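Visitor: Each chain, letter by letter, is given below.
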Amino acid sequence: MKLIYPDNITLVDAGPAETLAEYPLGNLTDDHLRRPWKADAGAASELVVNLASAGPANAVALFGLEVEQLTLQVYSDAAMTQLVDSLTVSGKEQELFGESWVHSVWFEFAQQSAAWFKLTLGTANHKTPKIGRVTSGLVSKYVNPKWGYAQGLQDYSTSQRLRNGAKWARAKEVARSPKLTLEIPLKDPTGWDQYHSLIELYQLVQGATPFAILTVEGRSDASGNSLDHRYAHWASFASGSFSATEGGHAFHTIDFTLEENL
Amino acid sequence: MLNATLLGRQIGHAAILADPFAGQPSFSVALFGAQQAHGADQLPGFVQIHNLRGNLSDGVLYDVESALHQQFAQNVFFSGVLRYGFLYITVTHSGSQVQRFSHEAIEGVEHFWDQQISSLPAIQYETREFGGYIKLTWGKIGFLPGAFKDEAGSAIAPPDKLHITAQWGARDDRSRTIFEGDAVLRRRGAQGAEYDLFEPDYKALVLSNGVGFNSVLAVTSLSADGTKLLVTTEADHGRAVGERVLLQRVAEGDSAAFEGEYPVSAVPAPNQFEVLSSETGTAGNLECSAELVPLPLVLGQVPQVPLVRTGKSTGWKFYRPSFVGTLGAGLTVHDDGVDVTDGTWAPDGTSNKYLDRGATQVFGTASAQGTGQQTSLGDLFSWGCARLGLDLDNLELGGAYDPANIEVGALIDSQMAVIDLLDQVAGACNYSFWIDSLGLHLFSNRVAHGDAGTLDDFELFEVDYAFELPVRHFKCSWQERFAGSQNNGAGSSIPALKTAKKEVVVQGTSALGEEKNLVAFSYSEATNRARLEALAAERELAKITLKSPLERLPVFGEAIALTDTQLEPAANVSGKVRSFLLDFGAETLTIFAKGTLT
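Line by line, the protein sequences give chains A and B.
The opening residue of the first sequence carries number 1 in my numbering; numbering runs sequentially from there.
The opening residue of the second sequence carries number 1 in my numbering; numbering runs sequentially from there.
Calculated from the structure, these hints are not laboratory results.
Pairs of lysine to aspartate or glutamate residues, derived as DMTMM-like cross-links and limited to a Cα-Cα distance of at most 25 angstroms, are as follows:
(1) A:187 - A:200
(2) A:146 - A:246
(3) A:38 - B:173
(4) A:38 - B:104
(5) B:312 - B:243
(6) A:130 - B:107
(7) A:167 - B:464
(8) B:149 - A:18
(9) B:149 - A:13
(10) A:172 - B:173
(11) A:130 - B:173
(12) A:38 - B:107
(13) A:38 - B:110
(14) A:127 - B:110
Everything numeric in this text was worked out from a predicted model, so none of it was measured.
Hey, can you work out the whole structure from these sequences and the hints?
Guide: Written out as structure tokens, the structure reads:
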């Protein structure tokens with residue numbers, strides 16, 4: 001498990017001219033995924049969004065994406081001449097039930113005291129690219145959660161019974177809400193730091209402030225493709241869900257539930 | 001066509017009219033069921049389809065075919081959930097700052113609607129028992145902390161007052177306005193801000209004011225500088241700042257410049273006052289009030305309307321009632337019931353202000369007979385809408401119940417709000433009206449406007465039928481003045497203006513229950529009887545309450561029907577929508593209709 005905190009992402013300009021007035025670039029630093037940045041590319045086949053990490057960073061994560069193709073370049077200078085690393089991803093993937101958006105990207109790079117990001121968004125076909133949130137900072141690494149954790153989907157849809165007993169439902173938002181248990185081995189030399197840093201994190205963010213978290217690292221599909229985008233969440237701790245138990249023999253145990261910050 | 005599952009299908013039938021998997025860039029969805037009978041402007045018009053797979057785009061809005069009866073697509077299918085409507089709330093504050101909110105984040109066709117509403121009560125349309133003004137009430141609306149921002153996007157404290165427009169529909173560019181009014185801050189805390197919502201307040205009053213008799217002061221001079229008038233009176237006027245004064249011409253032929261009612265803005269001297277006015281004309285002979293009196297409004301034909309005297313005690317000057325015609329031609333003047341329409345009155349015209357007899361004495365009670373400017377329900381609503389600044393939408397125009405053919409007769413001599421008068425008269429005539437951004441919509445309760453079709457149990461959560469307590473009889477009474485006589489104390493009969501009480505009673509179907517007293521807005525016994533019979537029939541209809549999913553906005557007067565097989569025995573139910581309740585939280589629509597079970 002990994003997380004990015006604190007968030008050092010910052011805007012460097014007002015964004016591309018194609019930005020829609022009611023979806024300003026500032027929405028990329030707004031904590032709600034449903035308050036996105038959005039543009040209408042018009043005739044342009046790509047748009048460029050520039051961002052920066054005002055503090056040290058070795059990772060950047062993007063959430064709430066609806067972009068047909070994304071190239072992410074990391075620079076160590078504001079003039080963007082010193083390329084550190086780059087990544088290109090397709091914005092859609094094929095699922096069992098059809099094609100869907102790749103909603104998140106998690107990308108790590110060599111640590112920089114500050115970093116500048118150039119996002120090149122392909123807009124040849126999908127003319128209204130959208131990004132919910134971008135975050136950047138230093139990655140903290142933890143043990144993966146104990147297997148058997150519940151993915152947890154908080155479905156805000158409503159349903160009632162019709163007069164004939166049939167179900168009537170109203171589709172609304174569904175927030176991902178995984179329920180995790182970390183068992184941090186006492187023998188692990190970093191175990192104590194993992195245990196206490198998570199407690200400290202909870203005290204800092206409580207149930208209010210969201211952060212980027214990769215609940216399980218290192219998972220791949222049958223073809224060897226990373227599943228990081230499936231396990232990346234922009235989420236906060238669910239209120240009252242955090243419980244840390246100091247282990248006596250084998251593990252420290254931390255239980256918590258996340259709540260996607262729609 | 002493929003045979004697939006229609007998830008969340010709760011709307012009768014939905015049909016895709018083109019094969020969505022054949023690669024068409026777009027497709028249409030046809031709706032069958034309760035929606036089919038609505039005009040295009042009554043339908044939300046569009047549905048939003050979520051969670052679509054295949055070649056379709058999630059959340060894209062697809063047009064609903066207007067030809068809703070195309071039956072070729074049956075047993076159709078797509079996997080997705082139909083979404084008929086969203087709530088769009090436009091808030092204007094701090095002058096011209098506009099923000100758009102909803103209780104869920106909506107990326108609309110035109111705007112982004114931010115998820116900043118924390119609580120939202122149901123909108124309730126309420127009507128009186130027999131019709132009248134279908135009034136909207138909406139309780140409190142809550143906003144999340146930090147919801148309000150200035151032009152720079154910085155959070156500001158919740159403004160004291162908001163102007164709010166609420167719309168509903170599947171697309172924000174084709175939504176229907178359901179509320180427009182103001183909201184006043186009532187509570188603020190860590191959880192956000194709470195506002196009370198108010199509809200526009202229609203303050204216009206029915207009666208204009210005149211100057212009370214013998215409380216008149218001549219205006220000896222008047223100077224106007226384009227912003228204010230300085231008025232000097234023949235004697236001390238006794239008015240204070242803030243009190244209202246009325247300036248009027250002394251004689252019919254004098255200049256009407258500066259006539260009007262004003263609040264006093266300053267009192268430079270006991271015999272002087274100032275009022276704010278940009279008028280700069282030439283002042284004629286003017287007089288002003290020390291006392292204001294309301295001038296009656298005459299609707300239709302009213303026997304013997306008492307005249308309101310004005311001016312000084314040396315003259316016999318009366319305000320002319322708003323009659324059509326002229327003296328001797330549709331208008332007669334009476335003294336204690338005796339026709340005194342003679343040559344001693346000043347020449348008269350319909351637009352005249354006074355009936356002036358100069359120094360010729362009127363001995364008893366002065367009255368006039370004639371016909372008011374508004375003789376029908378249609379006339380009254382045209383006049384009322386003009387006073388309220390609203391466009392009149394007469395839904396019965398040219399029909400059997402055209403309000404132009406509904407006679408009204410009344411003497412309104414007590415001040416009231418125009419909206420209340422319209423409410424009372426419409427109710428007495430078994431008409432209803434509602435007001436929205438398009439104007440005032442007037443219709444007869446006896447005519448169906450739109451047809452929701454035959455509802456089935458797929459479209460309903462609950463149905464309830466209630467019945468009013470029986471009414472023993474319906475009664476209305478009114479008073480009429482007439483030319484009569486009385487004893488002069490010496491055994492002789494002298495003319496006198498007398499008053500007679502008249503009454504019409506219509507028996508209810510039951511000898512049980514209460515007595516229902518109603519206000520008469522006619523001096524015709526036959527008309528009042530017919531109205532009572534219509535109201536009695538209205539009262540005896542069943543009150544039908546239909547709770548259903550909020551998938552459309554109903555129309556007032558719309559016909560509804562269903563066959564209720566859950567009753568024992570089953571009943572055919574039909575009725576017309578009288579009012580409804582929109583609950584956006586539970587996404588339910590509760591319709592209140594009047595109708596019959598057979």
